[in-house]
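We have chain D already, so just place chain Z on it with the hints.
Those sequence lines, one after another, are chains D and Z.
Going by my numbering, the first sequence opens with residue 8, and the numbers climb by one from there.
Going by my numbering, the second sequence opens with residue -8, and the numbers climb by one from there.
The hints are simulated quantities; they were obtained by calculation from the structure and are not laboratory data.
There are no misleading hints in this set.
Restricting the straight-line Cα-Cα distance to at most 25 Å, the calculated cross-link-like pairs of lysine-lysine (BS3-like) are: (1) D:K102 / Z:K221; (2) Z:K1 / D:K133; (3) D:K15 / Z:K382; (4) D:K79 / Z:K221; (5) Z:K384 / D:K15; (6) Z:K1 / Z:K302; (7) D:K15 / D:K101; (8) D:K25 / Z:K382; (9) D:K17 / Z:K382; (10) D:K39 / Z:K384; (11) D:K101 / Z:K382; (12) D:K102 / Z:K382; (13) D:K138 / Z:K1; (14) Z:K384 / D:K25; (15) D:K25 / Z:K302.
Pulled a few chain D residues facing chain Z out of the computed Cβ check, cut under 10 Å: (16) F18; (17) L78; (18) K101; (19) L106; (20) N109; (21) L112; (22) L116; (23) E120; (24) F125; (25) Q127; (26) R156; (27) A169.
All C-beta atoms, glycine included, are put in the ideal place defined by N, C-alpha and C.
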Amino acid sequence: MIEISQLKKKFVVANPKKLSEQERLDPRLQGKFFHSVRHVSFSCQGGEVLGLLGPNGAGKTTTLRMLSTALKPDDGRVMINGVDVLAQPVLVRKKIGFLSGNTGLYGRLSGRENMAYFGQLHGMQKQAIVKRIDELCELLDLHSFLDRRCETYSTGMKQKTAIARSVIHSPEVVILDEPTTGLDIMASQTVMEFIRQMKSQGVGVIFSTHHLDEVAQLCDRVAVINEGRTVFDDTLAVFCALAPGSLSQAFLSTLAQGGQ
Amino acid sequence: MWLVFLKELKELIRDRKTLFFMIALPILVFPLIIGVVTYFSTKAVKEAETKVLNFAVVGEQYAPSLVNQMDATENFNRVMLTDDDDLETSIRSGVADFVLVIPDNYNDDVLQAGQIVLKLYLNDAGLNLVQRRLQNMVDEIATHNQRVAFQALGLGADQQKALLTPIVIDKVDVADKRENWGEKIGGFVPYLIFMLCLQGAMIPATDLGAGEKERGTLETLLISPIARYKLVMGKFFTIALAGVTSALVTVSSMAIWGVVLSQGMAIQLVAEFMGAISGLDFALIFLMLIPVVAIFASLLLCLSIYARSFKEAQGYMTPLVMFVVVPVIMAMLPGVELKGGWAWVPLTNVALAIKELIKGTMDYGELVAIFGSTAIIAGALISFCVYWFNKEKVLFR
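Bound-form chain D, shown alone (with noise of 0.2 Å):
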């Protein structure tokens, strides 16, 4: 289970008089700090998928990150399957597969070499890892290119081999922060019928998105976040419930409802 509650995140601004009027406008500007998370809940049990919302620049990357232990969060608790992120950040590194919003591949290894190296650090054994390899291969259908350098990869294998990657050491929980983003149609099929193999498979799922479609046809749950705060944390359901018929009719009413 992930449990992520108050989660605060700052930064200092290298040079306030470079930003833009609209950048000054911004609430989480303060100073010379600027707030991209102020107070960001939300949970996702395992076996759920949790879309979370926003608009650009709301804090989602910023969230997931610290989620991920990549960044430390200034304030509050994040919890992955009863492990603290701040406490034991090597721990639940072991317990976690991120996708950044760069696939994050090494161009000049194959894709097979890139899962075999993060398989590795995993502390995977070789056989563990020529096993996990083929089975990923058949789930994400990457056999056609997996053994040719990633440099020469189009954008949905470079997205397939990302996933399967970030999944090698068999991680409870996943987290992928737009993981459709520049995918084709197909491409983009393949890496939801993952996801759902993965909630099918007890992992707790968490993704950032801007397809409402796909909130709609893989989520359990969903967060938005607006200007650093949690403005919706419920189930599909009641999101959908907010405006009958119209995702983004919801998404809006929760941004709103935020604002005020």
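The following block gives chain Z in isolation, referenced to the frame of chain D:
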């Protein structure tokens, strides 16, 4: 740590650009440059030595013997100028390569004439060897005239010598060949090695820090369950290995090609010089390079990981060359020797020690100060690198 190191090494070996700069460039381009420069400079000198020189003489009636000798010399071709011809214009227009103006006091009898000044007009821009070829001819006549004058004065051989050079300093050089060579090239060798180590480490350092950020692989790596110091050390060893490899390949390439390209005597000298340096000295030079490379690698990695992009990293690294040049130049300054405080100055002390090892005058006791100071600095920089890799402000700028 070794897992990261091996993966970085695999990527490095697969990067054609890096391999080109680290291996192909030193092996092929340096000797090619040396070969091309040597070929063309030798060709140019040979052409200048054998070129037919068109010359004119003003006042030939005062020095018929000299002019006759010039006429008789191979590749000297006299042209006639009219009284209206301007000397400078004649040379500029290519009518004559040079014009020799003989004064009216010219006389083969030195005792009568005193010192004679011949005026040589020529276009001296570029390689021409005109003056040298003419000087050889004039020197022959001058020496003959001198001898005749001495005989006329009734001076014996010893008196002639004394008159020409009243006091002579006879240098007794107690330095052997190795020390001589070491003094001449010993200062340049560490400069070359340091620069090569630095240059060889720069490309992989840029790739392993800023390159990872730019490609988006760093974030993925940071959230893998590997201790941050292991990550840093894996990258650090890759950069250091690249630096040492680049330096070794380049120095070996230059040495091998230098011997191959050199001729006769030069081969003997190089062989003698190389033979005088013991295996222990070579090993010590290599050992001293380890902390030096560690300093470079950690500095480069710090700069690279701080930079947001390849371009920014290269911008930070360029001034580092100056930072390295200064202590090496210090080691070349007169009066700066491997003793006292200088033995504790990092980089300068290694440069001085390499020079001393080449000369064969190394005080091995100073190795404590050299290894001590460079290892402390290298260790501190590596620790800083690990600290730097834990800073969010650095990693997520």
